[in-house]
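These are the residues of each chain, in order.
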Amino acid sequence: MSITTNCGLGIAAALIVCTSAACTGSKKPEATSQTTQPTTAQTTSATTSSTAAPQPMQQALIADVSESELAQFFSSMPDGRDLPAGSGTVMQGATVYAAQCASCHGAMLEGGIGPKLIGGRGTLAATPGNPPVKTVESYWPYATTVFDYIKRAMPFPMPGSLSNDDAYAVTAYILNQAKIVPDDATMNKETLPKVEMPNRNGFKDAGH
Amino acid sequence: MADDRLNSAGPPSADDLREAEEQFLAAERDDPASPYYLGDAPVENDRPPSRRRFMLGAMAALGAAAAAPGIAYAKTLGATERTVPADPTKVQGVGVKEDDGGYGVRSQFESDVRDRYANKTNQSSWSFTPLQNSMGLITPSGLHYERHHAGIATIDPTKHELFVHGMVNQAKKFNMAALKQFPAVWRLMFLECSGNGITEWEKPTLKTVQGTHGLTSTSEWVGVPLSTILNEVGVKAGAKWLLCEGGDGAVMTRSIPLEKAMRDCLLAYGQNGEAIRPEQGYPVRLFVPGYEGNMSIKWLRRIEVADAPFMTREETSKYTDLLPDGTARQFSFLMDAKSVITYPSGGMLLRQPGFYEISGLAWSGSGKIVKVEVSTDGGRTWNAATLNGPVLPICHTRFTFPWQWDGKDAVLQSRCTDETGYVQPTIGQLVKERGLNSTYHLNGIQSWKVSGGEVSNVHYY
Numbered sequence: 001m002s003i004t005t006n007c008g009l010g011i012a013a014a015l016i017v018c019t020s021a022a023c024t025g026s027k028k029p030e031a032t033s034q035t036t037q038p039t040t041a042q043t044t045s046a047t048t049s050s051t052a053a054p055q056p057m058q059q060a061l062i063a064d065v066s067e068s069e070l071a072q073f074f075s076s077m078p079d080g081r082d083l084p085a086g087s088g089t090v091m092q093g094a095t096v097y098a099a100q101c102a103s104c105h106g107a108m109l110e111g112g113i114g115p116k117l118i119g120g121r122g123t124l125a126a127t128p129g130n131p132p133v134k135t136v137e138s139y140w141p142y143a144t145t146v147f148d149y150i151k152r153a154m155p156f157p158m159p160g161s162l163s164n165d166d167a168y169a170v171t172a173y174i175l176n177q178a179k180i181v182p183d184d185a186t187m188n189k190e191t192l193p194k195v196e197m198p199n200r201n202g203f204k205d206a207g208h
Numbered sequence: 001m002a003d004d005r006l007n008s009a010g011p012p013s014a015d016d017l018r019e020a021e022e023q024f025l026a027a028e029r030d031d032p033a034s035p036y037y038l039g040d041a042p043v044e045n046d047r048p049p050s051r052r053r054f055m056l057g058a059m060a061a062l063g064a065a066a067a068a069p070g071i072a073y074a075k076t077l078g079a080t081e082r083t084v085p086a087d088p089t090k091v092q093g094v095g096v097k098e099d100d101g102g103y104g105v106r107s108q109f110e111s112d113v114r115d116r117y118a119n120k121t122n123q124s125s126w127s128f129t130p131l132q133n134s135m136g137l138i139t140p141s142g143l144h145y146e147r148h149h150a151g152i153a154t155i156d157p158t159k160h161e162l163f164v165h166g167m168v169n170q171a172k173k174f175n176m177a178a179l180k181q182f183p184a185v186w187r188l189m190f191l192e193c194s195g196n197g198i199t200e201w202e203k204p205t206l207k208t209v210q211g212t213h214g215l216t217s218t219s220e221w222v223g224v225p226l227s228t229i230l231n232e233v234g235v236k237a238g239a240k241w242l243l244c245e246g247g248d249g250a251v252m253t254r255s256i257p258l259e260k261a262m263r264d265c266l267l268a269y270g271q272n273g274e275a276i277r278p279e280q281g282y283p284v285r286l287f288v289p290g291y292e293g294n295m296s297i298k299w300l301r302r303i304e305v306a307d308a309p310f311m312t313r314e315e316t317s318k319y320t321d322l323l324p325d326g327t328a329r330q331f332s333f334l335m336d337a338k339s340v341i342t343y344p345s346g347g348m349l350l351r352q353p354g355f356y357e358i359s360g361l362a363w364s365g366s367g368k369i370v371k372v373e374v375s376t377d378g379g380r381t382w383n384a385a386t387l388n389g390p391v392l393p394i395c396h397t398r399f400t401f402p403w404q405w406d407g408k409d410a411v412l413q414s415r416c417t418d419e420t421g422y423v424q425p426t427i428g429q430l431v432k433e434r435g436l437n438s439t440y441h442l443n444g445i446q447s448w449k450v451s452g453g454e455v456s457n458v459h460y461y
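Chains as they are written, first to last, in the working numbering: chain A, 1 to 208; chain B, 1 to 461.
Don't read these hints as lab results, they were simulated from the structure.
Computed from a predicted structure; not experimentally measured.
One or more hints might be untrue.
Label-pair ranges, simulated between beta-carbon atoms [as the list claims (entries may be wrong)]:
#	chain 1	residue 1	chain 2	residue 2	range
1	B	Glu274	A	Ala60	48 to 54 Å
2	B	Asn231	A	Ala206	27 to 33 Å
3	A	Ala60	B	Glu22	49 to 55 Å
Straight line, CA to CA, 35 Å or less: simulated DSBU-like cross-link-like pairs of lysine-lysine [stated by the list, open to error]:
#	chain 1	residue 1	chain 2	residue 2
4	A	Lys204	B	Lys97
5	B	Lys318	A	Lys179
6	B	Lys240	B	Lys432
7	B	Lys236	B	Lys159
8	B	Lys240	A	Lys189
9	A	Lys204	B	Lys203
10	B	Lys120	A	Lys204
11	A	Lys204	B	Lys408
12	B	Lys97	B	Lys318
13	B	Lys318	B	Lys236
14	B	Lys240	A	Lys194
15	B	Lys203	A	Lys194
16	B	Lys173	A	Lys189
17	B	Lys120	B	Lys236
18	A	Lys189	B	Lys432
19	B	Lys371	A	Lys194
20	A	Lys189	B	Lys318
21	B	Lys318	B	Lys432
22	B	Lys236	A	Lys204
23	B	Lys159	B	Lys203
24	B	Lys260	A	Lys204
25	A	Lys189	B	Lys236
26	B	Lys97	B	Lys159
27	A	Lys194	B	Lys97
28	B	Lys432	A	Lys204
29	B	Lys159	A	Lys204
30	B	Lys97	A	Lys179
31	B	Lys318	A	Lys194
32	B	Lys120	B	Lys371
33	B	Lys260	B	Lys173
Even glycine gets a Cβ: it sits at the ideal position worked out from N, Cα and C.
Based on the provided sequences and hints, a complete structural model is requested.
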């Protein structure tokens, strides 16, 4: 079997190939790792061995997955593809923000333990003595990313705990406080991709 | 300004970093085993007390002489404290597995740790490899640098599954045993955070090489080529990007070009001969050779194949490089060629004129390092350093240069060239091109000034 032909690794000289598929076959659970008596003067470093109970080798599993199994995941693109159902208004978002976000990001979205979320427009170009202020308002190019990140990773102490409705609502609230959407805005998978972010055209591909 | 560059949920301000580093150095300066020792004990035999191992030898000899019948040293991390006998040739040593449970520990005389700097939170945080004591190529797994966005996930490997779906012929999931059944490859490769040097754009900020360059490490990574798994599911025509997602609290996501994924990416489950550490993504991480470290998604649980990048937070609001005109470079994946002298380096003291072997590391995301030059006069003249093999692509390369120090002020620099012909620039050249607000991808030439024997971090270009 030649792995260089099917793995596509470009630098063959640096490649050492394991041709055996049974790389895991030599693992033997240790039967008695606690028979050694620690001496009195020594702290025992074997306290974790009780959790390493002998386990049967895991059976390899490669299985087809269905759409319903994939429903536990989500991702989004700037055009709104794959955004989940649900919706939220600016007003609902104000309540969610106060309860879930303000303690880190500040009552006025001014930042604290977490970053400042609004302001900073017009600060990105270098001017001596005035550092750029990069926020959702001034820097983030896509509104879909705001929802995606909140839904995915926020609030920091309980990541992923917001419902879709609450995540849409707090997205609407932040975009409203950033003067990007009006007070009566509702965010959902149709409206969110249409939001025009101030720094939408501020990025250029570095040509990786 | 530096504070704003570090403004996120985790990384501390430059002042916080400086304070933490100063606390670290204050303790090290009193420790004869430290390269930062500043004690005024007389030096034996006129030998430059340059290397840590000399110091350790002297310390151990001292300890043995003073001990009757034995003395115990303070316990250090990763070690088991053992009593040092007055003469180890006159007693039985420690029995096999007697105090290490069968998984070895390092010497109690070694104290290197990676975690130097306090953060606003311990979860969105980082730690730096102590490059000042590095030797050879490989970073011990326990000293590999870290950058987490939501702490270290704890995952039972028997319950972990990797889902691959999107623009594929058949969406599938793989458990760990399945991933390990595919033919494995292993390669020595560096990883580097694109924030390495984040504090050093405008002026020298941190004192030590751990602070200025410690967000890079080299390991032997073992895994299955990502192309193997993508071929298992069958990528559809028109696909161009992958979304890779971690199973941590950040559910960290990055878009990876399909072309790169098929070329050389790994699904890595091994590091330096054993399972990768929890903080490195146990039980499996993506490894994207030569690209900025955050793309090598840890605790990898999902890959979605698509026709466009997903524009995640980590490739828009973060890890993009702001330029003077207010636009930003995006998808600046490649870690360009970089080098640094690790000995002597900032915070160390050269006690007297004489011979010193300058040693350092060079690396490039584009391939092999072909040349490292060293200057001891601030870049006026350059001399070829020796590349101490093996010289591997996308891997730390150790270089050395013999130096006779005449006791006068000197500025030590290293400059590397990779196999594409790319030459490491000065910090000044980078600033001219990208300004001072670029945050990431500082790969400029590092300068260490030697004055009165004290080595300090300076900008000199």
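For each hint, the structure was consulted:
1. For Glu274(B) and Ala60(A), the hinted distance range of 48 to 54 Å is not satisfied, since their beta carbons lie about 21 Å from each other.
2. Look at Asn231(B) against Ala206(A): about 29 Å separates their beta carbons, and that is inside 27 to 33 Å.
3. In this structure, Ala60(A) and Glu22(B) meet the distance hint of 49 to 55 Å, their C-beta atoms being roughly 52 Å apart.
4. This hinted pair does not check out: Lys204(A) and Lys97(B) have alpha carbons roughly 57 Å apart, beyond 35 Å.
5. The straight-line distance between the Cα atoms of Lys318(B) and Lys179(A) is roughly 22 Å, inside the 35 Å bound, and the hint therefore holds.
6. Between Lys240(B) and Lys432(B), the direct Cα distance comes to roughly 34 Å. Compliance with the 35 Å bound is thereby established for this hinted pair.
7. With a C-alpha separation of about 29 Å, the suggested pairing of Lys236(B) with Lys159(B) holds against the 35 Å cut-off.
8. With a C-alpha separation of about 24 Å, the suggested pairing of Lys240(B) with Lys189(A) holds against the 35 Å cut-off.
9. With a C-alpha separation of about 27 Å, the suggested pair Lys204(A) and Lys203(B) falls inside the 35 Å cut-off, and the hint holds.
10. Between Lys120(B) and Lys204(A), the direct Cα distance comes to roughly 32 Å. Compliance with the 35 Å bound is thereby established for this hinted pair.
11. Pair hint Lys204(A) plus Lys408(B) does not hold up; C-alpha atoms about 47 Å apart against a cutoff of 35 Å.
12. A distance of roughly 47 Å separates the Cα atoms of Lys97(B) and Lys318(B); the hinted pair therefore is violated under the 35 Å criterion.
13. A C-alpha spacing of about 30 Å is found between Lys318(B) and Lys236(B), which places the hinted pair at or below 35 Å, so the restraint holds.
14. The suggested pairing of Lys240(B) with Lys194(A) holds, with an alpha-carbon distance near 24 Å, which does not exceed 35 Å.
15. With a C-alpha separation of about 42 Å, the suggested pairing of Lys203(B) with Lys194(A) is violated against the 35 Å cut-off.
16. For a cut-off of 35 Å, the pair hint linking Lys173(B) to Lys189(A) stands: about 28 Å separates their Cα positions.
17. A hinted pair counts as satisfied when its Cα atoms are at most 35 Å apart, and Lys120(B) with Lys236(B) does not qualify at roughly 44 Å.
18. At most 35 Å may separate the alpha-carbon atoms for a hinted pair to count; Lys189(A) and Lys432(B) exceed this at roughly 43 Å.
19. Taking the CA atoms of Lys371(B) and Lys194(A), the gap is about 51 Å. The hint is violated against a cut of 35 Å.
20. About 24 Å separates the Cα atoms of Lys189(A) and Lys318(B), which keeps this hinted pair within 35 Å; it holds.
21. Straight-line distance between C-alpha atoms of Lys318(B) and Lys432(B) comes to about 22 Å, which keeps the hinted pair within the 35 Å bound.
22. Pair hint Lys236(B) plus Lys204(A) holds up; C-alpha atoms about 27 Å apart against a cutoff of 35 Å.
23. Between Lys159(B) and Lys203(B) the alpha-carbon distance is near 48 Å, which puts this suggested pair outside the 35 Å criterion.
24. Annotation: proposed proximity of Lys260(B) to Lys204(A) holds, straight-line Cα distance about 19 Å (limit 35 Å).
25. At roughly 26 Å between alpha-carbon atoms, Lys189(A) and Lys236(B) fall within 35 Å of each other, so this suggested pair holds.
26. Between Lys97(B) and Lys159(B) the alpha-carbon distance is near 31 Å, which keeps this suggested pair within the 35 Å criterion.
27. With a C-alpha separation of about 64 Å, the suggested pair Lys194(A) and Lys97(B) falls outside the 35 Å cut-off, and the hint is violated.
28. At roughly 19 Å between alpha-carbon atoms, Lys432(B) and Lys204(A) fall within 35 Å of each other, so this suggested pair holds.
29. A hinted pair counts as satisfied when its Cα atoms are at most 35 Å apart, and Lys159(B) with Lys204(A) does not qualify at roughly 41 Å.
30. With a C-alpha separation of about 65 Å, the suggested pairing of Lys97(B) with Lys179(A) is violated against the 35 Å cut-off.
31. At most 35 Å may separate the alpha-carbon atoms for a hinted pair to count; Lys318(B) and Lys194(A) meet this at roughly 22 Å.
32. For a cut-off of 35 Å, the pair hint linking Lys120(B) to Lys371(B) is broken: about 40 Å separates their Cα positions.
33. The suggested pairing of Lys260(B) with Lys173(B) holds, with an alpha-carbon distance near 22 Å, which does not exceed 35 Å.
Of the numbered hints given earlier, the model fails hints 1, 4, 11, 12, 15, 17, 18, 19, 23, 27, 29, 30, 32; all others are met.
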